[in-house]
Amino acid sequence: MKYFGILLQFTLLLYAGINNLYAQKAPKFGKIDLDNLHMNSCPIDSNAHAYYVFDYGDAAISNNKLFYQRHFCIKIIDSEGFSNGIISIPLFHAGGEEKVTKLKAVTYNLENGQLVESELNSKDKYLEKTSEYMNTLRFALPNIKAGSLIEVEYIIRSDYFSIPTWFFQHKIPTIYSDYIVTIPEFFYYAKSVSGYYPVKSEKTEKNDHIDSYTFRSNVFHYSADSIPSFPQEQFLRTMDNYVTKISFELESIKFPMRPTIHYTSSWEKIDNDLLDDEYFGDELKSSGYIKDIAETILKSNPADKFQLMNMAFQHIKKQISWNGFSTKYINTTLKEAYKKKSGNCADINLNLVRLLRELGFQSFPVILSTQKNGIINPSHPSQTAFNYVIAMAILDGTTYLMDATDPTAEINLLPIRCLNDKGRVIGDTPNKWINLMNYKSYVQITNYVVTLDSNSNFNVQAGINYKDYGAYVCQKEIKDFNNLSDYTKSLEDNSSHTNIDDFKILKVDSLSNKLNISYHLTIENQEDIHGDLFYFSPVIHPYFKENPFKSESREYPVEFNYPYRIMQVQNYKLPPDYEIIEMPKPAKIIMPDNSAQFVYQIKKMNTNLIVSSIITINKSIFLPDEYTQLRQFFQLFIGKQQELIVLKKNESHAHNE
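So the number in my numbering is just where the residue sits in the sequence shown, counting from 1, plus 3.
Treat the hints as calculated values from the structure; they're not laboratory data.
Label pairs and their in silico Cβ distance ranges:
#1 K375 with G98: 21 to 29 Å
#2 P589 with Q635: 16 to 24 Å
#3 T411 with N609: 39 to 47 Å
#4 D489 with L37: 46 to 54 Å
#5 L118 with F547: 46 to 54 Å
#6 F309 with S382: 34 to 42 Å
#7 D535 with P589: 24 to 32 Å
Computed cross-link-like contacts, DSS-like style, restricted to lysine-lysine with a CA-CA straight-line distance of at most 27 Å:
#8 K338 with K288
#9 K343 with K321
#10 K344 with K132
#11 K248 with K203
#12 K548 with K479
#13 K132 with K105
#14 K344 with K479
#15 K425 with K288
#16 K470 with K482
#17 K294 with K343
#18 K652 with K588
#19 K517 with K492
#20 K643 with K548
#21 K294 with K321
#22 K194 with K209
#23 K308 with K470
#24 K435 with K194
#25 K343 with K479
#26 K375 with K425
#27 K105 with K31
#28 K576 with K588
#29 K507 with K479
#30 K288 with K321
#31 K31 with K174
#32 K321 with K517
#33 K607 with K548
#34 K643 with K606
#35 K107 with K132
#36 K588 with K643
#37 K553 with K622
#38 K248 with K107
#39 K174 with K128
#40 K470 with K591
Where a beta carbon is used, it is the ideal one built from N, C-alpha and C, also for glycine.
Modelling step: build the complete structure from the supplied sequences, incorporating the hints.
Here's what the structure looks like:
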């Protein structure tokens, strides 16, 4: 929170005004190329619904402020591109502020051959608090139609010297993108270009002065053109990890005749700064109010240390509700958050660290970056990259991770937002990086007992056992509805020709992360009867109904949140007047490195037919060079699950009966 705030204590005698190169590159606002209004497709992607005609940015430090200017134009092709007219501008505030000092936004249309301009009305802008230290200015461009051009220009004046990351690649194609960053010689930033598309870069120098003092500024110019949209596919935590972009991290400042101020020179520096911060480590140096809570928990005589740890975890979960804000810093004090019974993730989980320590556990905070915030690069020390904190405890040499913000989460079963590669342990531990992944799997074991009635409907008694992330996800899905009736209605709506009744949650066991449900299901005749033959797929409600991997290739990893183990067993009780004419053969499909496998078995036992399938995915991340094999694996096992059984009604048997 105070990352750049200390800089405001200095009065800079420099920077009367840095010449802005921006105006030399970007077109003047309102001087649009009418040819773009006549375009009915994107020049580099005929399937695009919208595209950036241009996107210009400029960042420069002047008069103890950072000024960031952006000017872009987007062509709307059709109605599916309308959402690109909704604009969000994030603004940080903590010990200072970021403020939009200039904003112009216009929609251009051709109506009866005439250019019509629709300007944004000030009443259509609103500021929303999106986190404890972040507001977002939002607005929607007026009068957007198929064929519109929208143009937006704004300037942010910032009290912080945090140069914004520039994204060359977006969800829509970009014809041209340009970013100019002017950095005075006293500021040292680590720069990182990432992504799959080439970015041109050029560095020049220029002299600036105030009164008789002359200093040098480094001017960095980055540009790229014909950048395709980032492909939208499943199993990707955030596109920000892989899009083409340039980011900056302030390492140090050295003014003349003043000592160097270091910020992110090393991970050790970051650790020490957090340990000494009044809104982080300082609050862990005393216990105070937490002693009485620990004594109360100990009086209940827990059976073992693990149960004691879980009691502390459950107590904090019930005592403090999460306000939805993600940050690594507490808001005021831990005691205040505990008394108010509400707080951000740091308020909650640092309280948990305090309580665990008071109970005798070796416990530490773990800072991390949530999935939407992007992955941490261990080779680039950065404090601003972290936006979340959880608790860690060590018991008998085993590490346990906890996040008390989520009532559904359990020990070593973090909320999905936290499952993002590695976190950093803050404290005196030999291993500073800890894996956040693969502690628990998604486990779902389903048993169906199926009978075929005289109308060729399937009557199914279902029992589903969920464990670990299976239980977590199922509970989350149920809690999204007002009641169980609404939940079962959604299940019926998602699967045609089915009716569900007698839905029950049989047992919830938090310590073992288990959830068992049962229900009765009727699958109505789907007109798969041809003469005396009846066709049906024996795998009822397969977990993967279709292959989620549509593209033939993929330039970025496949990111599952957790390993999977999904088992389905269908026990069909067939009437004696039906005989099996055809049924699938058993199969076993294994990826070369055993990272995934599918086992399919089918057996006839008297009038019963038992069909089982097991999908096992043993790891969370599949690299791009594994994509083709993973895609083929999914295609093969989904195809196998869709194979049909053919039954024939034996009329002679019925007549003899």
